[in-house]
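Given the sequences, and given the hints that come with them, work out the whole structure.
The chain contents come next:
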Amino acid sequence: MSRFSTGSYPAALSLVAVAALALTACSGAGSTTGSSSGGGKTLVVDTSFNLKTADPGREFEPTGQIVDKALYETLLTFEGNDVTKPIPGLASSYEQSADGRTLTLHLRAGAKFSDGSAVTADDVVFSLNRVIALKGNPSFLLDGVTVTKTDASTVTLVSAKSNPALPFILPNPALGIVNAKTVQAHGGSATASDAAEKYLNSASAGSGPYTLSSFNTNTQVVLTKNPKYNGAAKPTYDKIVIRNVQAPTQKLNVQRGDSQVALDLTSDQVKGLGGGLKVSSGASSDVIFLLLNQDTKVSSVTANAKFVEAVRKGIDYKGLLTLGGAGSVQPAGVIPSNFLGALPASQAAGRDLAGAKAALKASGIAKPSVTLGYPSDLTVDGLSLQTLAERIQAQLKEVGIDVTLAPAPTTTELDNYRNGKEQAGLWYWGPDYPDPSDYLVFLPGNLVGLRAGWKAGADNELTALGEKAATTIGDDTRKTQYEEIQTRLNAGGPFIPLMQPSRNTVSAASVTGIAYNPVWTIDVAALGSK
Amino acid sequence: MRLNLLRRLPRAWRRPLAVCGGLVAAGWLVVVLAAPLLAPHDPLAQDLPRLASPGAGHWFGTDELGRDVLSRVLYGARMSIPLALLLVTLSLLIGGLLGACAGFFGRWVDETVMRVADLVFAFPTVILAMVVAAALGASLENAVLAVLVVAWPSYARVTRGLVMGLRNREFVLSGRLLGFSAWHSLRVDVLPNVLGPLLVLATLDIGTATLLLSGLSFLGLGAKPPTAEWGAMVASGTQQFDMWWMGVFPGLAILTVVLAFNFLGDALRDALDPSTARTIGAEKERVA
Amino acid sequence: MSPRSAASEATGGRLRPPARGPRAGLLRRHPLARFLLRRTLTAALLALGVTLVTFVLTNLVPGDPAAANLGQRAIGDPAIVAQFRHQHGLDKPLPVQYATYLGNLFHGDLGESQQSHQPVLTDLGTAVPATLELAGAAIVVSLVVGVAFGVVAALRRDRFTDQLLRVVSLLGVSVPTFWLALLAFYLFFYKFGIAPGSGRIAPEFAPPPDVTGLYTVDAALAGQWPVFWSAVGHLMLPALVLTAYTVGLLTRFTRSAVLEVLGQDYVRAARAKGLPGRTVLFHYVLRAALVPVITVAGLAFGALLSGTVLVESIFAWPGLGAYAYRSATTLDLPAVMGVGLVVGIVYLTVNLAVDVLYGLIDPRVRVQ
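Protein chains in written order, with the working numbering: chain A, 1 to 530; chain B, 531 to 818; chain C, 819 to 1186.
Worth flagging that the hints you see were computed from the coordinates, not collected in a lab. For glycine and all other residues, C-beta sits at the position ideal for the given N, C-alpha and C. Take the hints with a grain of salt, since some may be wrong.
Computed list of lysine-lysine pairs in DSS-like fashion (alpha-carbon distance at most 27 angstroms, straight line) [stated by the list, open to error]:
(1) Lys135/A <-> Lys754/B
(2) Lys306/A <-> Lys361/A
(3) Lys161/A <-> Lys361/A
(4) Lys234/A <-> Lys85/A
(5) Lys367/A <-> Lys754/B
(6) Lys297/A <-> Lys367/A
(7) Lys135/A <-> Lys455/A
(8) Lys357/A <-> Lys306/A
(9) Lys198/A <-> Lys910/C
(10) Lys225/A <-> Lys41/A
(11) Lys228/A <-> Lys181/A
(12) Lys234/A <-> Lys112/A
(13) Lys754/B <-> Lys421/A
(14) Lys271/A <-> Lys1091/C
(15) Lys112/A <-> Lys181/A
(16) Lys181/A <-> Lys85/A
(17) Lys135/A <-> Lys149/A
(18) Lys910/C <-> Lys135/A
(19) Lys181/A <-> Lys149/A
(20) Lys367/A <-> Lys306/A
(21) Lys1009/C <-> Lys421/A
(22) Lys85/A <-> Lys318/A
(23) Lys397/A <-> Lys754/B
(24) Lys318/A <-> Lys397/A
(25) Lys367/A <-> Lys421/A
(26) Lys234/A <-> Lys181/A
(27) Lys455/A <-> Lys306/A
(28) Lys754/B <-> Lys297/A
(29) Lys85/A <-> Lys198/A
(30) Lys1009/C <-> Lys278/A
Covered stretches of chain C (in silico footprint by chain B; criterion: 3 or more residues with CB under 8 angstroms from a CB of chain B, positions within the stretch not fixed) [claimed, not checked]:
(31) 957-969
(32) 1017-1025
Label-pair ranges, simulated between beta-carbon atoms [said to hold, decoys possible]:
(33) Thr786/B <-> Ala456/A: 55 to 65 angstroms
(34) Val914/C <-> Val646/B: 46 to 56 angstroms
(35) Gly1011/C <-> Lys228/A: 33 to 43 angstroms
In structure tokens form, the structure reads like this:
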């Protein structure tokens, strides 16, 4: 074989390798420059996508909220991270009737859609009626609400029952006002046969500070400044690119200057971040909780009240908080600490190992063993439920409770959860709107109550309290009522609130105005530059 | 041919790579058996500081829950290696049997088996495995089943090719003429001659099986937590780029195991009788 | 992840000589046409089989697509769930659903993804080129490097170079792709800062005008050179990670193919005639050895298309693998079916192309 000359092969190969590396190097260097610096003003925001559509009538996913917040204006809105007070949006003022059923909104004069036409009361009526008729994810926001036009600049919303939360619901980006004419021209209607989604995923039809340039549910969304926008604060950046990037990569990107904002870093990941990056951390409004099924057909163990007590006392909440990192808090009830009606932190449960063991003994269950179901691929504000479940398993083992972990893809597990088939479950509730009435779902016979096998009639007194709170008006009274509900929930309910993880937003030093809002995560249009 | 292989084996074992692979594989087998004795910590105990870098007391660092990575890597061997062996054995049995039947009986048996094999080949492996794992729930046992579904056809093809070559050889035909039943002929005349190449294929496949299983676990479709499993450990390492030890060590474990079995299989393949190697064409090579 | 299964397809019974039955004259006179027809029909049947298997499997999964695709609130509302099921035809019996799917398939309609709310065909239209670009780059690099390595190893049989290349190629097929991807990304992007970040191009660029869907080609066609270089840069690292396995595979394969050819009489004869080493190598050895190598390369390419999921998840590459993963885990039935179909068809096409190529390169196959 030696007769074949092969000397040139290795040389050629190394050339290929060198060329490959060189190419990588050149283009690598090229791509990192010029995104934020310079006059073009492009802002790159990295987030892990949960996005299905940009159609406000249909979207209710976190990333959809970020996008639609920039594209559409709502009647009312919130300022920054303050969700305790609705402020004017497209409506410059509003009045609520004494019985809490009628909300009258007066539209701001001069508001214009991106095509230059004026925003009218007809657009508002069309948009809201469309949300109701589509029977999509956000439809429940306007359950029992009738929308009517009073005059050219006034709209009246009448609710079937007293609805004190409505002003807190209206800022939801899913209730963004669309240009009725444009949407109708593209197959839209306020009926179930509406076909405008395709159009609304290719272009926006709103009056928000940005317009939609490109939209892909899997890669990136590009927003361009809307020159016709005439709201209060003009947007800073000409172009905003929202990219779908997993959290660990977000960190590298923002460190490298490849992006300017990273939305989903965990506390572990932001630790030791320097180099001129700003980290803003605070407790998120997502409440992670443990549910123990009360249906004896599902599990006679978890349905045992003493067993529930043993779990409640057996969990080391502080130990869980170390996983959530700095900024995470333990909510004392199911209502997050930053909402009206939250229980004071002093009432939060603590670990009582002896008490837990005593309760376990009193339960009469010899070798308690439960299966804990949870969505293994779900992270809440970056915190993996997987990690949390493993820690809970270890903690309850110390009490003498044998927990079998049963992770499943969200799809499969959500089905078990929804049908109340989990013995024990680890889930979270993110607020649909920042009002305590959103948390009445945890009561017996209600949405989440049923998922824990807690049927109507299980606690009639609690049910009555809930019904009263739902229709009460006046912040002070409501606060007392919701506190009472939660105290009772903690005493005898199947839910154990565990944690509001820390919500960390990392941004380049040049970016100003970062504020975490529980409804839309971040208002990218409000970001400034220095 | 069987004798031939056996005679050639020792020489194959003497190759440096084979020795190397053999030693590493043997080392891992020891770890599988003696993990509890070797591991410095309980692999499930969450009592160390979280995310500590490698150092005294925890040579491979600790993970996001304060568990010792070294102990978890050692215990991880108990998941990956036996399951890979089981998987290969099952593929060998199922694929071999089906392939032998297809090759020996021909006609509709051959057609049926090979068309099903074609179907599996035409189907995206990972997706099939993902759907199977999703359907049955994520667990290593189900991952094995999922990989089994896509792994057997390779063996079926090789066996079929070999058996078809042997079917008309004189010693088989004379056996049949002497009145041996098909089953007897298959067992006595055909099987021994097919076994050698199949075992080589299987050795090479242990590596691939380990890779596929850990890949599924990496995607969250394999090992059930809190079990220490290498693929799942690398996956949790991806969440913490800075804590490189979380992903690097379990990845190295996978690499060494796969490499060891590939070294072994490679040497064994070279030891195969060249004519056998030609009979099955380049299949072994491709399967590697 | 499965060049193994793909590669093993390359043998057994595929290259049967065309039977000379008393069929239509054209087909008898043109064995290639007959062969193509037969293969196309088989491929179509197999593709149909793929849809059926996917359909049955995805319906066996104990989850409800409605639950996966509606919010926590909405799944508690029977009216919304009913609306969803009706909209996606999930309220019909399974056989009817499958029949409907097939009916639509004939009209080129793959249904609408429940996740992206877009036609599956549109989704695939962006995902497939992304993966094609990645797999294509990987296979080209692998072919160049792998064949060169293999030839060198064969010529230097049992010497140090051969041993070294043996170790290198075995390393290549042994390293877990997802781990290598992680390592490469961490080192080259983060530590050394020489590779660009995730995705297909830098965010400040808009994708080039869509012609082929391959960003590099489209950017070049449009003359957008900064975009082109950005796309090439983003392509490099994930493609190189993918080459590890295929280079290993092709090196080993080329080596044994070349060795086998070197032992053939005609090669010995050529050398005995005193032909120069290079002439023998290129005209006799490589030409013959290339046939099986191309087979494997083609099949490895087909396998790469579905096997990139692990690499895509780390590099945030919006390709078929990422789409498949998302679809499978969210029980997005039409999307999973679409992916299965595409991979099946690509796989069968590659197979067919390899067979035809086989005949073109190696006259012996035609003579048979």
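Check each numbered hint against the structure and report the violated ones by number, ascending. 1, 3, 14, 16, 21, 22, 29, 31, 32, 34
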